[in-house]
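Take these sequences, add in the hints, and give me the full structure.
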Amino acid sequence: MFSKYLVKVVSGVVAFVLVLLLWVLIISKPSDGQVARSPLLGQPAPSIVASTIDDQPFVLERRKGSWVVLNFFNSTCVPCINEHPLLVDFANREFENVNRAELYTVVNDDSDIAVREFFSKNGGSWTKLKDDNGAIAVAFGVARVPETWIIDPNGLVRLRVTGELSKGLLEAQLDKLREEFTS
Amino acid sequence: MKTKKLIWIAMLLLTGVLLAIGVTRSGSPLTQQDRIDSLTSHLACPTCSGESVFVSRAPAAQAIRTEVARQVGAGLRSDDEIISYIEQRFGGQVLLVPRATGLDSLVWSLPVAALIIAISLLVGAFARWSRNKPGAPSAQDEKLVEQALAQVSDDQSKG
Chain A
1 MFSKYLVKVV SGVVAFVLVL LLWVLIISKP SDGQVARSPL LGQPAPSIVA
51 STIDDQPFVL ERRKGSWVVL NFFNSTCVPC INEHPLLVDF ANREFENVNR
101 AELYTVVNDD SDIAVREFFS KNGGSWTKLK DDNGAIAVAF GVARVPETWI
151 IDPNGLVRLR VTGELSKGLL EAQLDKLREE FTS
Chain B
1 MKTKKLIWIA MLLLTGVLLA IGVTRSGSPL TQQDRIDSLT SHLACPTCSG
51 ESVFVSRAPA AQAIRTEVAR QVGAGLRSDD EIISYIEQRF GGQVLLVPRA
101 TGLDSLVWSL PVAALIIAIS LLVGAFARWS RNKPGAPSAQ DEKLVEQALA
151 QVSDDQSKG
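Protein chains in written order, with this note's numbering: chain A, 1 to 183; chain B, 1 to 159.
Do not take every clue at face value.
Computed, partial: chain B to chain A, Cβ under 10 Å [to be verified]:
| hint | residue |
| --- | --- |
| 1 | T47 |
| 2 | A58 |
| 3 | P59 |
| 4 | E87 |
| 5 | R89 |
| 6 | F90 |
Sample of chain A residues with no beta-carbon within 10 Å of chain B, all distances over it, derived [unchecked claim]:
| hint | residue |
| --- | --- |
| 7 | K4 |
| 8 | V9 |
| 9 | L22 |
| 10 | V24 |
| 11 | P39 |
| 12 | L40 |
| 13 | P44 |
| 14 | V88 |
| 15 | A143 |
| 16 | N154 |
Just so you know, these hints were derived from the structure itself, not from any lab. Since we're looking at a predicted model, the values are computed, not measured. Just so you know, even glycine gets a beta-carbon here, dropped at the ideal spot from N, CA and C.
Structure follows, in structure tokens:
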């Protein structure tokens, strides 16, 4: 009698868990191009001391006072190529903004020559940072490109977008953050 | 019976001693390279499936290996701190050996709990079986057997 009851209870629990898993699978959205979580959100941005592909020094901490957008990039990655026109539009929009955000490309596992060729062909005059040993990518926990991060004028990490950007996403998120965190 | 008990006690003691040695012995690597290898073999490559950073040739794994080597070389962080640094950036899935705290601890505690429950159930079942063992035949049983045997011998003599 007891064992029959136990079988019913166990079967019920297993069925409930399976239904729950199915429901999670149905409602979950693909992660590409989505605002993603990171333990770094709300924390000071990792310290970055790097050089540009033109061999100019770059220190992230010195960018405090400006909104900073870091885009992790590789010239052979298809989503990076796809989202590039959106970044060009974003940079043009920001250029006209008084409180403009600074856009930087972080070159991930790519040669300077390939990056230069890509940008001369596809546009984009913003600064490109070398990340030869992947130290910047590891500091931000970037495993796959593209990824885009926003850092506020106080040097705090505010947004992480994994995967290919969708049209208007970066602009909308940055405007929202400006409203929220600009006093 | 007494010897059997002694053997069991000796086995339990031996198991306890071996477990204590396993838990307390120092397995720390000797050189910096050993330390790097040990740390990277405890980290999962974030872009591959089932490979450690130590064996993977993926760019993300190579970058983590380089960062671990840099931090070991700098000598400013302990092994736990380096692992935490990587975990804080890539998330808990980068750990090949889950931590024994928080929800991750279920990975360790659930199998132990399941084992204890299974052993308890088995012990209960064995005890129940031994209690239900058939006892000595009653006088009525013996009478029935005698009648049956008499019937058989009658049938044989008639046949």
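Broken hints, by number: 11, 12 and 15
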